[in-house]
Each structure stands twice: as structure tokens, then as C-alpha cells.
Amino acid sequence: MASVETAAVPAGAGLGESLRRAAEAASVPLGSLVVAGLVFALFIWAVAGANPLEVYELMYTGGFGSWFSLQNTLQRAAPLILTALCTALPARLGLVIIGGEGALVLGGLAAAAMGLALHAASPLIVQLGMALAGMAVGAIWIALAGWLRQYRGVNETISSLLLTYIAIAILNQLVEGVMRDPASLNKPSTSHIGDANMIGLIPGTDVHWGLVFGVVACVASYVLMSHTTFGFAARMVGGNVRAARMSGLNVGLLTIVVCALGGAAAGLAGMVEVGAVHGRANGSLAIGYGYTGILVAFLARQNPLAIIPVAILLGGINASSGLLQRRLDLPNASVLVLQGIIFVLILAGETFYGRIRLFRRKEA
Amino acid sequence: MEGELGLWGIPLAIFAGAIRVSTPFLFVSLGECLTEKSGRINLGLEGTLIMGAMSGYAISYLSGSPWLGVLVAGMAGMLLGALHACICSLPRVNDIAVGIALMLFGTGLAFYLGKPFVQPKADILPAVEFGWWSDIPQVRAALQVNVLFIIGVILAPVILWFLRSTRWGLILRTVGDSADAARAMGYDVLWVRLVATVAGGFLAGIGGAFLSLFYPGSWNESLSSGQGLMAIALVIFARWNPMRCLWASLLFGGTAALGPALQSVGVTQGYYIFNAAPYVLTLAIMIATCSPRRNLAGAPGELSVTK
Numbered sequence: 094m095a096s097v098e099t100a101a102v103p104a105g106a107g108l109g110e111s112l113r114r115a116a117e118a119a120s121v122p123l124g125s126l127v128v129a130g131l132v133f134a135l136f137i138w139a140v141a142g143a144n145p146l147e148v149y150e151l152m153y154t155g156g157f158g159s160w161f162s163l164q165n166t167l168q169r170a171a172p173l174i175l176t177a178l179c180t181a182l183p184a185r186l187g188l189v190i191i192g193g194e195g196a197l198v199l200g201g202l203a204a205a206a207m208g209l210a211l212h213a214a215s216p217l218i219v220q221l222g223m224a225l226a227g228m229a230v231g232a233i234w235i236a237l238a239g240w241l242r243q244y245r246g247v248n249e250t251i252s253s254l255l256l257t258y259i260a261i262a263i264l265n266q267l268v269e270g271v272m273r274d275p276a277s278l279n280k281p282s283t284s285h286i287g288d289a290n291m292i293g294l295i296p297g298t299d300v301h302w303g304l305v306f307g308v309v310a311c312v313a314s315y316v317l318m319s320h321t322t323f324g325f326a327a328r329m330v331g332g333n334v335r336a337a338r339m340s341g342l343n344v345g346l347l348t349i350v351v352c353a354l355g356g357a358a359a360g361l362a363g364m365v366e367v368g369a370v371h372g373r374a375n376g377s378l379a380i381g382y383g384y385t386g387i388l389v390a391f392l393a394r395q396n397p398l399a400i401i402p403v404a405i406l407l408g409g410i411n412a413s414s415g416l417l418q419r420r421l422d423l424p425n426a427s428v429l430v431l432q433g434i435i436f437v438l439i440l441a442g443e444t445f446y447g448r449i450r451l452f453r454r455k456e457a
Numbered sequence: 008m009e010g011e012l013g014l015w016g017i018p019l020a021i022f023a024g025a026i027r028v029s030t031p032f033l034f035v036s037l038g039e040c041l042t043e044k045s046g047r048i049n050l051g052l053e054g055t056l057i058m059g060a061m062s063g064y065a066i067s068y069l070s071g072s073p074w075l076g077v078l079v080a081g082m083a084g085m086l087l088g089a090l091h092a093c094i095c096s097l098p099r100v101n102d103i104a105v106g107i108a109l110m111l112f113g114t115g116l117a118f119y120l121g122k123p124f125v126q127p128k129a130d131i132l133p134a135v136e137f138g139w140w141s142d143i144p145q146v147r148a149a150l151q152v153n154v155l156f157i158i159g160v161i162l163a164p165v166i167l168w169f170l171r172s173t174r175w176g177l178i179l180r181t182v183g184d185s186a187d188a189a190r191a192m193g194y195d196v197l198w199v200r201l202v203a204t205v206a207g208g209f210l211a212g213i214g215g216a217f218l219s220l221f222y223p224g225s226w227n228e229s230l231s232s233g234q235g236l237m238a239i240a241l242v243i244f245a246r247w248n249p250m251r252c253l254w255a256s257l258l259f260g261g262t263a264a265l266g267p268a269l270q271s272v273g274v275t276q277g278y279y280i281f282n283a284a285p286y287v288l289t290l291a292i293m294i295a296t297c298s299p300r301r302n303l304a305g306a307p308g309e310l311s312v313t314k
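Order-wise, the sequence lines are chains Z and U.
The opening position of the first sequence corresponds to residue 94 in the working numbering, with each subsequent residue numbered one higher.
The opening position of the second sequence corresponds to residue 8 in the working numbering, with each subsequent residue numbered one higher.
Since the hints were derived computationally from the structure, they do not count as laboratory data.
Backbone N, C-alpha and C fix where the C-beta goes; we use that ideal spot for every residue, glycine too.
A hint or two may mislead.
Unchecked claim - Here are some of the chain Z residues that sit facing chain U, going by a computed Cβ distance under 10 Å: (1) 255; (2) 259; (3) 434; (4) 437; (5) 438; (6) 448; (7) 451.
Said to hold, decoys possible - From the derived model, a few chain U residues whose C-beta atoms are all more than 10 Å from chain Z: (8) 68; (9) 103; (10) 145; (11) 178; (12) 308.
Using the sequences plus the hints, can you model the full thing?
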């Protein structure tokens, strides 16, 4: 295992060194993606008897082929970007948080509640209030997992997923109970926040502002994590907790704050879903954006900037599932299978870092 | 009195639930216990459970034999377990992350392959009637015990004996406590972990078959919601002891039956909240039993989840 040293850039490494690392960071996931594509093609061919080329062509058409489908894809990418941050930010501390779905659901619920409470105010105030409420509740939810990890030693992966199930139960309880709009018969929902209070579209497109929120959040996360002392401290905790403690960092506080930031991003995703898509909180919030977000984060190797293209790619794959179903009669879940295969192979690809000769540092 | 149990219906329903609902918990936790004792955690058992439920149901429908379904469910679990073990055998691959990936993969695959089996009715597993002495229908219903539950109850002490008193059990525990020591003694660590993970997958697959072939006894996409994951948390609570896994599974089964039990006597308020009781209980138990400072008693030394 002598090749592990490539994980850290030695002081004074030149431009060539950082280029080499960037090439490695990009090519290993791309290689995994290609292999995943081949495995899925084999699966589709063997199980469904469909022509894999046709499937991929439809995926491209459904996700990126026209201005209409591209906008649909970008629409779906927005919550994925935000929920991916919920996994990627804590990952810098070495935590594996998979509770983005729960933070999204509760964030959406809180945003709807705030929107209804403020409905008489001016739209800007309502939207601001909704965003703050969603982010605050999401932040608390994931910070809880971080707190439990730090002060009670509870594994954050398990606790964050349990918290997701609890969040969905709270949503169902409230939208079927006290917050239910009596007019919503088939699908219990809260009342509508009002058309005037909805988040609008980016001018000239059919894409809502949620995409911009996501991109801004990613850039801000990148700056925070890579160019501030706070980010340096967080990465230090992720690298070596004991060393971080020795140098006087408040590890507990850092953990909770970073988890809260991740949770706030996922909560904002819930607010966007309510404020830009549904207009009310209901079971449609829990349709798996949080889970796909985990995959986005891992595929982007927990890098906030890489999250944006990866989320768009997976948003496109998701967007094409309807077309696959209509044209080739493939089940909805074929997208889930593809995502699962990608996830497994991306992780298997981890083993190649620092082991490909082309990318290895030249020994002096 | 017949049929009119009043409030006695609640403890009875919880008791019945403890027996019925606990079986998947029991099988998954026993399987996970074996895997974790070898020093590796498989969070993918949630996906394995769903895959087992789907394949068991599908095979029972196609062949007409629910027991063949159980066997195939176990084999599907073994395949997923082998996949987990093989990927984790690669250097520098994180077992927790692979578990999450397999959770999503297993779920997606089961939904995909199981799509044609949502409608048809498959033959389900027979139950042993222990309630013949009673005239009360609820008591009879409560005492319909599935054979898989009995097998699970027998399996718990057998696994305990295997881990404590056999040579193979000792090798497994050595690998789990110190891979270096095991390597020094000449055992192949990756091979032992592969076997332990495959065995764990087999048991989890059978747990899934119970879901679709006995209780609730049908296949649909909302069949499992975190039972596999709760069972993994339950192993930590049970301190990696198979007998304690049995008691903990019964406790969880009873808690999971709380919502339906209250509903059966007419308490409909807070249905979803009572249904969330097992998750809250799992979390509460983890908070109560874990500690940030010391390692848990009985925890395998190589296990990443307790570090």
C-alpha cells in the first residue's frame, strides 16, 4: 500500500502535480461511469431484451435532447445539488450522512407552514421566511445526527437514516392531521401557499430559481471548504481527529456546524420543491431526491463544484425514465438499477486511486 | 366475551406482533451479527431484505412452492452478500459506503424485477396453530406462529454456540477482533469475511421472504421501510450476542405492532406517529447504549461502525 501517499499534495508541488491529480480525480469516476454503463447495457439486454443503444439514445433524448427536456433535467437537478451537499459537506469531516431525504421533507414542511403563516405579507418576505424556515429545520435535523455522533457516539449513518424515516412519519402525520387542507381528498396536503408567493422562473426559461440557489450553495461551499480557515479546520478533523484536537480545534462544534450547513442545504431543497414545484407540502416531497443526492455526492467525490455537473447528469437520467417507460415499456425502477450499478462501481473504483502508473508521481 | 376483548386487545395484539413482526428483524440481525463479528459491517442488508422478499414471492408464485421461494430468497441474499464482500476486499474501499450503495442497488433491482409480481397472489408459508386450546379468535390468530420464526428462535442459540465454542467461531472472532493477529496465525482474513458476509446475506434474504410470504404476505414496493436498517442498529444494541438479538427482535416486533394494535381498538389519532415508534426506539436505544469515549463491550475490534 505504498501508493497511498499520493493522497496529499506535498508542499512545493508544481503545476504538473496538481494537473496530474486533477486528471486522476476526473478519470477514475469517468472510467467507473463507463463500466457502469456497460454493465447496465448488459442487464437491459439480458433481462428486458431491449436494445441498449436504443435505451441510451432515449435517455439522451429524454434528458438532454431538446430544450424542453434539458429544462426538465435542470429542474430535477436543483434538489439533487442541494441534497448532495448534505452528504458532501459532512464527508469532509469524515462523516457519512445519508439523511438528506429527511431534512428535505421537514424543510419542505416547515417552509409550507411558514408560507401559510405569512401569506398576507409581501411575496418577497414570504419567500425569505420560507427559505429560512426550511433551512433552519433541515439544519437542526442533520445537526442532531452530528451531535449524537459527537457527544453520544451514535453512528451518524444509521442515525441519519432513522431520522429520515421519522421525518417522513412527521410529514404524514401533519398533512393528514392538523395541517391538512380539507379540499385535498386523494392526496392529503397542506393548503396552497398562494400563486403570488411561488418562486418564479429564471427569465427566458422554464427553470425555477432553485437551480440558481443550488449553484450558489455549491460555489459558497467550495469557497468555504477550500479557501477559508474554517474549511481548513474541517478538513483537518476529517484527516486526523486527534491531531485536530491537539492543535486546539473545537471538534464538536465544527462537526455540528458543518452538519447543520449540509442539513440547511437539504432543507432549502425542500423549500424549493414546495415553493417552486408543488406549492404545498405532501407526500410528493419524499420521492427519493435525498437518496439520489447521496449518489451525486459520492460520484462527485464530495467536491462541491463537481456536484453541479453530476447532479445535472443524474437529473437527466431521472428525467428520461418516463420516456423509457412509454417507448420501451421498461419499469420506472430501471433508473434505480442504473443508479445502483453506478454507485457500486464508483466505490469499487476508489481502489484505483494512486495505483494507475500514468498518474503516479515521478519518484525523484 | 367472544370477539369482545376490549382493551385486552392491545397487549394481545402487541404480543402477536412481537412474534409476527419480529421474524425479519431476527433473521437480519442474526445475519448481521455474523458479518459484524468478522469485522465488517454490511449496511446493504436493507436492500438484501427487499431483494429476498421479491425473489421469494416471485419463485413461490412461479413454482407454487413457498419453501422453494424461501431458499431462492436466501440465495439471492448470498449473491448480494458476496458482491458486498468482493468489493470490500479491494484495498481502500469503505464498507459503510458500499453498504449504502448496495442498499440502493438491491432496492432498485427488486423493484425492477418484481414489477410483474405486484398483482398476482402467490402461495404463502403455512403457520403452526398454537392457539387450538382457546375459543377466542383473536388469541387463535395471535398464536399462529410461522415455522420460520421457530427456526429463527432455534438458530439464535446455535449461532451463539457456534461463535463461542467452535473452532470456526473462534477464527471468525479472531478475524473480527484483529485482522493482523489472524493473518499472523495464517488465516485468510478476506476469505473469512467473505464467508461471514455471504452467510449474513443468506439469513437476511430469508428474513425478506418472511415479509412477502407470511406477514404482511404480499409483494409491493412499500413492503420494507427500514426494517433491515433497524435490525443492523439492533445488533449494536444486542452487543453482538445472538441471544440478545432474539430478545431485542421481540421488543422491536412488539413496538412495531403498537400502531396497528391501537388502531384495531379504535385509536386512530396519531397513526403515523405510532408507526414511527420503532425508529424512535432504535434511536433512543442507540443513544442509551453508545458512548463517545469507550468502545462497547463485545464490539469486534475491527468494526468501523463503532470506531
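Of the numbered hints stated earlier in the document, which are not met by this structure?
7, 9
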